[in-house]
Amino acid sequence: MGPRAELLVPMRARLSGEALAFALAEERRLERLERPELELWEELAAIIAEQRPRERQGFLAACAEGLAQLSAAPDLRPEVHEWSRWWTRRSGRLGAAFLRLCRELVPSVSTDTFRKTVSMARDLEWDADTVVEFMTQAPGLETQGGLALVEACYEGTLALGRADRRATRGFLEAVGRAAGSITAGDLPGLAEVSARTANRSRHAAKELFRMFPALAASMPVNRVVQWVEEGLRLTSREDDLVLYLSYGPRRSHAAIEVVCRAASLSAYRSRLALILEAFLGRPAMVRNMFDVLDPASVPLDVPAFVDRGAIYLRPAPACASLPLFSFYRLVTLHAAAHERFTDSDDQMTLLGDGGDAAFSELDRFLFAVAEDYRVDSALLHTLPGLWNDAQAAVRHTYADYADGGSVPLSPASLQGHAASFRFGVRVIGQASAVDLVERVLEPLSAPSARPADSRRAAGELRAALGHDLMEFFLADPAEWMATPGSDAPHPPYYDYLGLGGIHAEDSGAAGRTESTDRPILDVTPDVSASPDLVEKAEEHDPAARAQTAVEGLIGLGEGETPGDDGTEWETYSYPEWDVEKGDYRADWCTVRCRNMREGDPTFVADTLARYRGEVHLIRRQFERLRPTRVQRFFKQQEGDELDLDALVDALADREAGAPMTDKVFVRRDKKQRDVAVVFLLDMSDSTDRLVGDGQRIIDVEKQGLVLLLEAVGRIDDRCAVMGFASRGRHRVDVFRIKHFHEHFTREVAGRISGVEALGYTRLGAALRHAAEHLGGVEAGERLLVLLSDGRPYDLTYGDMRYAMEDTRVALSEIRRAGMKVFCITVDPEGPAYLEHMFGANRYTVIQDVTHLPTRLPRIYQNLTA
Amino acid sequence: MTIADRRGEEQSIEHYHVSEEPYYRSSGDEIALFEQAHRLHLPVMLKGPTGSGKTRFLQHMAHRLGLPLVTVACHEDLTASDLVGRYLFVGNETQWVDGPLTLAVKHGAICYLDELVEARKDTTVVIHPLGDDRRILPIEKKSQIVEAHDDFMLVVSFNPGYQSILKDLKQSTRQRFLALDFTYPDPEAEAEIVEREAGVDAPVAESLVELASMIRNLRDHGLEEGVSTRLLVYAARLISQGVPARRAAEVTMTRPLTDDPEMLEALQALVDAALEE
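Those protein sequence lines, which keep their order, are chains S and V.
Residue 822 in this note's numbering is what sits at position 822 of the first sequence, and the numbering runs on without skipping anything.
Residue 230 in this note's numbering is what sits at position 230 of the second sequence, and the numbering runs on without skipping anything.
Since the hints were made in silico from the structure, they are not lab data.
Small disclaimer: the values here were computed from a predicted structure and weren't measured.
A hint or two may mislead.
Said to hold, decoys possible - For each label pair, taking beta carbons as the anchor points, the in silico distance ranges come out as: (1) V/D186 to S/R308: 26 to 36 Å; (2) S/L642 to V/Q171: 36 to 46 Å; (3) S/R308 to V/I31: 44 to 54 Å; (4) S/G613 to V/G66: 57 to 67 Å; (5) S/H743 to V/K121: 30 to 40 Å; (6) S/Q695 to V/T183: 36 to 46 Å; (7) S/N388 to V/D186: 22 to 32 Å.
Said to hold, decoys possible - With a cut-off of at most 35 Å between alpha-carbon atoms, the simulated DSBU-like pairs for lysine-lysine come out as follows: (8) S/K581 to V/K170; (9) V/K170 to S/K635; (10) S/K635 to S/K663.
Stated by the list, open to error - To list a few chain S residues with every Cβ distance to chain V over 10 Å, as calculated: (11) A49; (12) S181; (13) R196; (14) E207; (15) V292; (16) E361; (17) A446; (18) S573; (19) A586; (20) D640; (21) E710; (22) D799.
Glycine included, C-beta positions come from ideal geometry on N, C-alpha and C.
One chain only, chain V, in its complex shape:
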């Protein structure tokens, strides 16, 4: 959506509906819990390493619940107005434009703040009144308080794997959420996901999953994070398009993970061992 679109009309929540059902393979009771949380108006925190299916899960749930999904990728320059909204000039007029959070609050969407920890601390507090039983969003500039739509749901994601001491969520933020843990799926499930998402044969998927689980064993010993299911799917897609398996794995499963030459060589040796030419 371009700026012109935004100026011309109130943003339409319709754009945020998830039209096709995204594939998601459940590995526990997270679907049921999420549905309960939605019913009980509880905010949810999705914890887990990158590429472990947090976003996909949420798309799936949005579709399942029939709710629009408004996603905001948090970054350190994200201000409160970026979330809540601001006045814009339109011609000689000013016009209030809702930010994504307001949009979701008003229309009963799921607002997904991805990597919340990256946002500035003064931005993070905006969600506090939404994250407890008040379920309100004060809009200072309009001197307005918006009560959340009954279907509104606040979801944030958080990757605890970062080893930066200085990046952590405040307890006052954390303790507003129920937390669903996402890890990499177990091998059978992951192979099924890879098979299904990339359209490769089972043996290829199994080899990739075996390779991934070996690479994940190296987490904490040189790798900050293991290879994600997402990267596995990328690898499998390349293979299904005729890229040689080892090369596909190299560009998706080793090079993106690290720049350390020795680690790269070790990873490549694993790739060569796990995949046939």
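Only chain S is shown next, with the shape it has when bound in the complex:
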């Protein structure tokens, strides 16, 4: 029992509940209080006993500790007593925060500072959380920056509070945690961007406050503020800003490129692909490089690279002097120019002498400079309309050099110089070695220049400048390649393009990930399935026997089929063409056929809603295609009115003594469109791939079917839809999605949405089955349309040649039976093999899969017009 027992014991008798428990357990703390404080403590304990549990939490302890400090500052005692009661009556939390403030500040600061701090806290009373946070952070701020910092923080909080009250607490906390690395002068700016951020998005403000302490510790606060300002400028959507902030200054530029600029690129992608295809004369994809690479791994000065025929573009920021699309066009064409103006004979030059070590990073760089020069010359010679764009791009890229006097030699300045010389733009101040560079590069502008000339030029450059440039290549490339925020020059608009793939792979500068190409088939033996597939007839045919054995191994039994709903399969047998034997294999394939399981029919409604505008247009187009209600047939034997032209002819014939026709009437009648069509949908696994806009090919195909059926319904063409997928020759599954006689009913809609990717593509058997079905329909024109995404492929479907030849033979059978066949593919490489299988003009390639839904009805319209 301590010295104040005489006070505590009777007090305990008056206490109850939490206060009593505290008094018993924490006697020691109470013992340190002077009498007036002890009385105050009791009084305050009584006040908070009335309050909600949340408010009471930790109050008694804070109270005891805060009051304990008053003995050291007797002149503060009256006002602290008064304030304690005031705050505590408002809420226990505020009271506790105030008393904690007392504990921290009273012993260490002047009474004046304390009074000012408390009065600032009182000014913030509009938000309890803010006050609590202010009182919590004030002592730390005071320690680091004195009263000035506390006041600056207070002003900042007030300013921010005017913008968004809810953000102030986070701000205070962030500032408090960063107290050691922040000065009073930083706060107005910080409060300003915080307010703007909070105005834009609470989440973004939260993210900023979360990041701030660590950032402030690693860089000057004004840089952080600049970075936030940039983020505010660069982003427009809330999510983008949050993302930007969450990446921090080092990676946020890359991040923002991904999110913001990707949108701009994707808007242009298909147009760029058309331009590219026009320029190169081959289908070529244009992709966002960040779809396959981590943004942080690509040096900023690589605006594009070429890999396996596709061009990967970096989404670019807007550039004041050049429309974004023009910039993309320039970059794309420059990259493509490397392909177009480099013959295959030149490939060896490009690759170096077998990639030996002597062809160093420096050589590679100088060669790239020379090659860019040569290729750009050829490009401008071919497309002179690009001059203005190129000049604008160079001016923009090297704007930083423009006002400089002499620019020291560096890889970037060398590139800049080469580019400005090439495009006749004097943007670079006097760089060293100017004359040499111009003299060496100039001959490369001749249309006849080849990569070998570039290599020679690179050699000359190396001999003259290699020594000075070498140091850049010994250093970490990241240091001289422009990095965001560094003072290095902007990324040159062109670099390394022709060597893009090679460079990126060899140097490891770009951490390449495998692009998502055709999935590699993973054939796993399924031991559980061991169907008896050996047919008597095959026992005499060793090849067939071997194949049957293989089939047994890889498992072709009845397995889980996603489309399974328990209905019975109908089975059919079809032959297959064996190109090696030059003969059919009779009854080689088993086609199993049944209705597609129904999925969620809302898919159809969603699709129709999504393409509402297009649906409207397509409907109108197809209605126009529908034979006009009253078609007039001239020169008929009977009809409602006379055909005057025919009558005049007939009378003239009679007068002349020639036999007179009786076909002189006009009949009004409905003209019949007599078309029956089967759409055969490739449902193989490869349709599971994602395309540009994050949808799977199969989804896009389904959407296409919806629009198509909607359209075809307008003109009463008889139309059936089937999907197929296979897994070996005895499991060629054909799913009926729509019968000829059905309208576009709810069941049909359900079946369309039930379509899922499964299995492979045994095209021959599927085509034969579809043709069999179509052949059973009486119609003037019978048309079979295949919707495909790639080559035929199946287990035990032989090599590529076997599969293609079987398909080709199947197609000629179908044509002989008087049906027309047409293929619509989304495989850009389609022409390479479709020409052979289907023949010229009997297929079409849809370059951008996402256009399939709207293109499909038009193709159908053209086909049957």
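Given the coordinates of chain S, work out where chain V should sit on it, guided by the hints.
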């Protein structure tokens, strides 16, 4: 020629002579083959995309052989009488008027049925007896059979580029002709044609040809057909008259090809890249 003219007199074959030599730049052996076909009485089918020079070739050949050229643009309402001829009333009399085909058969002209595939199938068969070694034209209404003049030659054109399954020539029609393929000329030849036809400088012609070959690369991938040499010549003519190059190319080489907005934008971007302002 007006109806009144036709009523007043038998149509004169003289109207169909090609008086001035049309410019034609050969890109192979088609001239020699055509001359042989004429000599051997073989009908000829000119295959190729629109604006690739089929008609111009034929005008050139007509002039070269000194034959009249009777051209019929086929359409789906074209009847057999439209080709063969019909009786017309003249005053109280009736008068037989030869159709263009009969005219050509009688007078030894080249009869050119342009876009034969567009004609109705019952019309197409009229040419069958003319298209083999019989070389006769039965005129039912007059119960007459006209034997073809020694110089008569049947030529049809056919554009295989149409992707309509339903529009194709029957084999029985196709197999009466020898077929000459027309494609767009190679770049040097095409530039020469453009230069000569429109009177523009070589660099302009070359730029236009480069642009055209890029646009043609887009065939099958959004464009039904590439830009024709004819359109190139139009563009060049506009340019030679002072229309800005990009605008000239836009109205001749992009807008006529497609209505698809995205494709149009891509084409315009190509135009801007290929031609200076």
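Quick rundown of the hints versus the structure:
no., hint, verdict
1, V/D186 to S/R308: 26 to 36 Å, "holds (30 Å)"
2, S/L642 to V/Q171: 36 to 46 Å, "holds (38 Å)"
3, S/R308 to V/I31: 44 to 54 Å, "holds (45 Å)"
4, S/G613 to V/G66: 57 to 67 Å, "holds (59 Å)"
5, S/H743 to V/K121: 30 to 40 Å, "holds (32 Å)"
6, S/Q695 to V/T183: 36 to 46 Å, "holds (39 Å)"
7, S/N388 to V/D186: 22 to 32 Å, "holds (30 Å)"
8, S/K581 to V/K170, "holds (34 Å)"
9, V/K170 to S/K635, "holds (24 Å)"
10, S/K635 to S/K663, "holds (5 Å)"
11, A49, "holds (73 Å)"
12, S181, "holds (50 Å)"
13, R196, "holds (36 Å)"
14, E207, "holds (37 Å)"
15, V292, "holds (23 Å)"
16, E361, "holds (33 Å)"
17, A446, "holds (17 Å)"
18, S573, "holds (29 Å)"
19, A586, "holds (30 Å)"
20, D640, "holds (20 Å)"
21, E710, "holds (20 Å)"
22, D799, "holds (27 Å)"
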